[in-house]
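With the hints as extra help, turn the sequences into a complete structure.
Number of protein chains: 10
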Amino acid sequence: MDPNPNASISTSNAPYRDLPVASSLLFSAKAKKGLTFEQIGKAIDKDEVWVAALFYGQAKATDDELRSLSKVLGFGEESLIGDLGSHWYPNRGIGPIPPTDPVIYRLFEGVLVYGHALKAVIHEKFGDGIMSMIDCKVHVEKKPDPKGDRVLLTFDGKFLPYAKW
Amino acid sequence: MDPNPNASISTSNAPYRDLPVASSLLFSAKAKKGLTFEQIGKAIDKDEVWVAALFYGQAKATDDELRSLSKVLGFGEESLIGDLGSHWYPNRGIGPIPPTDPVIYRLFEGVLVYGHALKAVIHEKFGDGIMSMIDCKVHVEKKPDPKGDRVLLTFDGKFLPYAKW
Amino acid sequence: MDPNPNASISTSNAPYRDLPVASSLLFSAKAKKGLTFEQIGKAIDKDEVWVAALFYGQAKATDDELRSLSKVLGFGEESLIGDLGSHWYPNRGIGPIPPTDPVIYRLFEGVLVYGHALKAVIHEKFGDGIMSMIDCKVHVEKKPDPKGDRVLLTFDGKFLPYAKW
Amino acid sequence: MDPNPNASISTSNAPYRDLPVASSLLFSAKAKKGLTFEQIGKAIDKDEVWVAALFYGQAKATDDELRSLSKVLGFGEESLIGDLGSHWYPNRGIGPIPPTDPVIYRLFEGVLVYGHALKAVIHEKFGDGIMSMIDCKVHVEKKPDPKGDRVLLTFDGKFLPYAKW
Amino acid sequence: MDPNPNASISTSNAPYRDLPVASSLLFSAKAKKGLTFEQIGKAIDKDEVWVAALFYGQAKATDDELRSLSKVLGFGEESLIGDLGSHWYPNRGIGPIPPTDPVIYRLFEGVLVYGHALKAVIHEKFGDGIMSMIDCKVHVEKKPDPKGDRVLLTFDGKFLPYAKW
Amino acid sequence: MDPNPNASISTSNAPYRDLPVASSLLFSAKAKKGLTFEQIGKAIDKDEVWVAALFYGQAKATDDELRSLSKVLGFGEESLIGDLGSHWYPNRGIGPIPPTDPVIYRLFEGVLVYGHALKAVIHEKFGDGIMSMIDCKVHVEKKPDPKGDRVLLTFDGKFLPYAKW
Amino acid sequence: MDPNPNASISTSNAPYRDLPVASSLLFSAKAKKGLTFEQIGKAIDKDEVWVAALFYGQAKATDDELRSLSKVLGFGEESLIGDLGSHWYPNRGIGPIPPTDPVIYRLFEGVLVYGHALKAVIHEKFGDGIMSMIDCKVHVEKKPDPKGDRVLLTFDGKFLPYAKW
Amino acid sequence: MDPNPNASISTSNAPYRDLPVASSLLFSAKAKKGLTFEQIGKAIDKDEVWVAALFYGQAKATDDELRSLSKVLGFGEESLIGDLGSHWYPNRGIGPIPPTDPVIYRLFEGVLVYGHALKAVIHEKFGDGIMSMIDCKVHVEKKPDPKGDRVLLTFDGKFLPYAKW
Amino acid sequence: MDPNPNASISTSNAPYRDLPVASSLLFSAKAKKGLTFEQIGKAIDKDEVWVAALFYGQAKATDDELRSLSKVLGFGEESLIGDLGSHWYPNRGIGPIPPTDPVIYRLFEGVLVYGHALKAVIHEKFGDGIMSMIDCKVHVEKKPDPKGDRVLLTFDGKFLPYAKW
Amino acid sequence: MDPNPNASISTSNAPYRDLPVASSLLFSAKAKKGLTFEQIGKAIDKDEVWVAALFYGQAKATDDELRSLSKVLGFGEESLIGDLGSHWYPNRGIGPIPPTDPVIYRLFEGVLVYGHALKAVIHEKFGDGIMSMIDCKVHVEKKPDPKGDRVLLTFDGKFLPYAKW
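Residue numbers (the UniProt record's numbering), protein chains in the order written: chain E, 1 to 165; chain C, 1 to 165; chain Z, 1 to 165; chain S, 1 to 165; chain V, 1 to 165; chain W, 1 to 165; chain G, 1 to 165; chain B, 1 to 165; chain L, 1 to 165; chain Y, 1 to 165.
Hints in this document: simulated from the structure, not taken from any laboratory. Just so you know, not all the hints are guaranteed correct.
With a straight-line cut-off of 16 Å between C-alpha atoms, the simulated EDC-like cross-links for lysine to aspartate or glutamate are [as the list claims (entries may be wrong)]:
no. : chain 1 : residue 1 : chain 2 : residue 2
1   : Z       : K164      : W       : D64
2   : Y       : K142      : Y       : E38
3   : Z       : K164      : W       : D47
4   : B       : K125      : G       : E38
5   : S       : K32       : S       : D63
What follows is a set of in silico ranges between Cβ atoms, one per label pair, in the way DEER data are often shown [stated by the list, open to error]:
no. : chain 1 : residue 1 : chain 2 : residue 2 : range
6   : G       : E141      : L       : K71       : 28 to 38 Å
7   : V       : T62       : G       : E141      : 23 to 33 Å
8   : B       : R17       : Y       : K143      : 32 to 42 Å
9   : B       : R17       : E       : A43       : 34 to 44 Å
10  : B       : K147      : Y       : P146      : 42 to 52 Å
11  : V       : I97       : G       : D145      : 33 to 43 Å
12  : B       : K147      : G       : G95       : 30 to 40 Å
13  : W       : K147      : V       : T62       : 14 to 24 Å
14  : Y       : G34       : B       : P5        : 26 to 36 Å
15  : L       : R67       : G       : G127      : 52 to 62 Å
16  : B       : K147      : Y       : G34       : 40 to 50 Å
17  : G       : K164      : W       : P146      : 33 to 43 Å
18  : B       : P5        : G       : G127      : 14 to 24 Å
19  : C       : K71       : Y       : K143      : 47 to 57 Å
C-beta atoms are modelled at their ideal positions from N, C-alpha and C, and glycine is treated no differently.
Here's what the structure looks like:
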């Protein structure tokens, strides 16, 4: 992505208008610098998906991570910590439900169509419990394919058995 | 899973009451035989997740696949083809929305929390388009871990670029 | 489609459980005879989409059309007219909203993504008014393409200008 | 459409208040110049429906396309690329659901009334799969008719067969 | 409408499955006799819209009115009074909301589009209050017109001023 | 209604905050001049209900009609055409659904209670089709009555038969 | 209300199909005996509103109260206690929300229109807290009035101050 | 309530942000003067509940009543009539639905739990019709009780019989 | 609770009609035996809340636990294992949402009113993460109090910190 | 928590944008001072959960409590009483419903999964009635555990028996 000093983020529409002000500042700085999430992730030693989640206000960074991020983006670190520091916690979950954007809807459709099948297979392999979405790492990989490249999306989450008492 | 000749499927509750009658018959035969989706999948040369999707009426089998399935389950093949043969097409999507079951809700929560981040990373890696949920293969793997086993859930879907005209 | 004397329609799931009883009988007779909507349409001189709409209880046939249909399907005409004759009118609209089935959802997505654009172009070409969905003919055509066949879906609807008074 | 130097776009109401700021600027420039989507489309070598979708923030243009568009509208290209350049991706889907505007509602009604019929015919002609709304071209044509002109609305979308695995 | 001794009412779909059993019996008897609501209305000295509302379980008849109705339909009066007699009161309001059937949706669209305008005109003509839907008479008239017949739908409702206290 | 030079329209609440800015200007000018919709309607040769619909952004006027309206309201015509001229089209439908205001709710209740009855009577009188809400004229009349004045609300809409193809 | 040995309760529609079976039996016995809630209330020493709530499965009676009720209705007490005895607890709340029936909607409209005003007045008179709907007695009284009888509906509920801790 | 010259009303949250600007001004003036609704009601000869409804934009005052109100609150009467004068009509109904505030939810719960019982008793006492929420007076009274004071909430509404025609 | 050989469970209403058939059998056996959840819990060495959850189909028992339960209830163990054995997994989550029953609504109200406060306090005490509802034990205790007994409801759930990657 | 003079609260996103302005000021002062709810609670002699509820506008403080709070936060007491003094009452209930944030959703899931079980156990222990959420004290405690610390969440609410009348 080329740097674009004129790049701006319109906050009059979803999802930006529902995010903390810091989100728009982060997206704007990233666009002006022409950086990808992958590049930022490498610079601060985090996965690109986690970095993107942080930009959307869906993950929490330590003050040290915010400092590293400030450096990469050429951002005042005081200001970033003022916005997203230890007093701030994510308000997770970005609408609408069901999603209207086709990229996100396809993930939702995966839940609609394969949700019960996945539940049944998880129960058979692990017993009564769930796959944690808290202790879970999410990755996106590009898998070249002559018939058209493929997206490899992985959720790696801890199995949590149901308590009995 | 041990065979249980008394195993029955109650069709008065979700999701069974919203599925074709064939679904209950399939689940019941599987329970009586004590087979797992993995075993059935191996026997008919399909992934266990796809087999589970078929049981929930969310995938379409050929007549040959239905014949193989009938053999594994000790089922009359005429009857299975009568129910799910070439005249039948899945009515995909099983509710409720949002899901109330915690296993399925966690997948939905993944969309709520990481949906926009995944969208942004897919756009950066592939451009304007989507990950197909039609040309998509879904896998569940058990990843042993001393701190607690992990569920490795993979979506392997074709990237589809947006047409311009 | 091959005739299948064992073909049955499970009415415990959507959309069949929400349709008139006659719908299941029609679908079942069609499957047993191995007829396509195209073949039935040709036999009764109607488009296949209209015939399918009639099967789903979304269109109204005359008694003569019901008689022709009875002949094609090997159905008692008295019974069909008893169910769908002149005293019967469609209760149009089949849920859920939004659709969960991916085929129908894609049409809905077309409305979500291109609805305002279509409205704007219709206004520019025709002025203030709408495209009628009542005086509208709908067609599906298969367009072979080396990169993958294409579906050509056409709505041919009368433009209705808004009254002023 | 006559040029109107006083033309303005009120952004206090739907859909403009939910669109990126660039959308209002585009609509306003178009109105002041008195251009139709068809004229703009011809000037930048794109279909009018795609151009309208771009105006509503529902399609993504390349920087070159934005430059052409800037010329046609007498717009600063720096500014347009700053708003909708390579760092920007559409957030597709414009509400409300169900639509309240009669023009858009009629399209939605088409899904409600003919959705299942279209699904059935697509399955019969193509097998298990969907009509893509991603690799899909949408056209609006005016078909003169002595009883009242007709709108010819076409969706030309690739058929995507369901994967099996 | 011609009498049809084979006419039947399918109660597996809306709105019949949500109505009292008596409704299906009334509709079925009417169809077998080939009577219109207008004819029934004349025979029992009521407007056809009110009669239709009664059939749909949306109005309450006296025992005498039920007796007259029984005679017209060739129905046992004991049975009709047993179902809809003095112990029975309508449970008014038939869904879905918003309506999916195009005939009923158009009325709903009238509320969406003209509701505020009607409210403003009623306030100007009458002051602060409402048009009663309880003390309200509803009529449908056919108005022949060479460009296409018109439906004249009239609500004649008492104005009720808001109390002050 | 007496002219009131201090009259103002609060745009912080429904429905004004959801309407184009021009709506508030129109309502404010009307209140300052002390004009009724009936008086404005007479001055521009339109029905008062249509005029009110225009004020609420639910109808489209020609430039000539806007010029007449400007004169009646003592409004700059350039400005009104700049806002609602040929580049502007109504975004029809004003919420909430269901309506909460009692005046509008009563109309909605009419649909809930009498919708199916009206559908049935329309079908009997006209056959399979709908009453158009596009080619429809709506009137409100005050009918004096010693027991309390009555509101006579009329919808005069074209019947549109369903196409067959 | 006159006794009617043929009186029956149709359980195919709301609210009866959502109530315990005992509800229909109670309503049916009441109708056959021609008793009012007031008469039943007097016979078992309870208010008529509470008795009606019990019939709708919205209140809980002791075994003694069920015995008294059985006597009044000529019902087997074993059976009534078998249905609604000490093992049974009400599942309170009967839909739909918002109510569609005009009688119940008017109460709901009271909440929509006067809810905030009532809250403000309760706070002024009592401080921070609520009016209990658990320790609350509800009465309906007929207040004759020459201009039309009036319904006097009273909620007499304990004020509960908010805890602080 | 003591006068508080610093009292302010935050209009960034419900319900104030959904009310006309005049509402905040009224609430603010009332708080600064330390007046209760009861005191204001006595001063302008209206019930406190009606006054509160007026403050929330749910009732309509005459110009004379606005003048009295202005005097009590030390408000410019021109300004109040400019805001809420003869050109203004309430937009009744304040959300959300269902209510989330516990005070208002309890009233809503009364409808959920006792709605059908009240409907049945009203029908028995009055016949087929409703209790008007338009010609209805609402009162709140404090009823001292040694076990805890009670709220006596009364709705005194005219019974309206259903029209027949 | 006294044994009642006539005790029956009506499955025509919520929540029983949405539960597996086994649930009704369990509730019925419990009522006939006059056992409390506490007594059953002691007999099978589980907490009463967990036992109740099992009855409502919201928890999973081992075959051994089902055998113990069968003994306590005088139930055929084959049949119980046939229904709820190793092939069965709970479909968790019982509606409606929001709850209408006042007991359950109060818990929901706790989430509405105190949810954000609890989130903030959990974050302060534990950092970024959640309280698990999977590894969570729930207890109800009766705390006698002269002013009225109190319910002590405890959720004892593991804190799960958010993964970073 | 360390004091951070740059700490700011973004009010463009939930829940802050839906709270009174005073909430943001309170959160901001707390962050700048680096105080926890526990510390503030001790200083003003209240539980930390109640203090957090007050910050979110979900509890009502006396003027004295506001004065204490002002001192702890270094806030002008006039201003705080001006915002949240005796004229202010909480508008309780913070959305969305269902919650999207995972911390709050887990509490909601507790209601979905254990709601009916809790209801049943409460009924068995206390009879027909509810656990009050008004006279209820809520606590969060950290319970160290070698396998991972646990959250001990307690609701201590008065049991309220249902009135009979």
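Hint by hint, which ones does this structure get wrong, listed from lowest number up? 5, 6, 17
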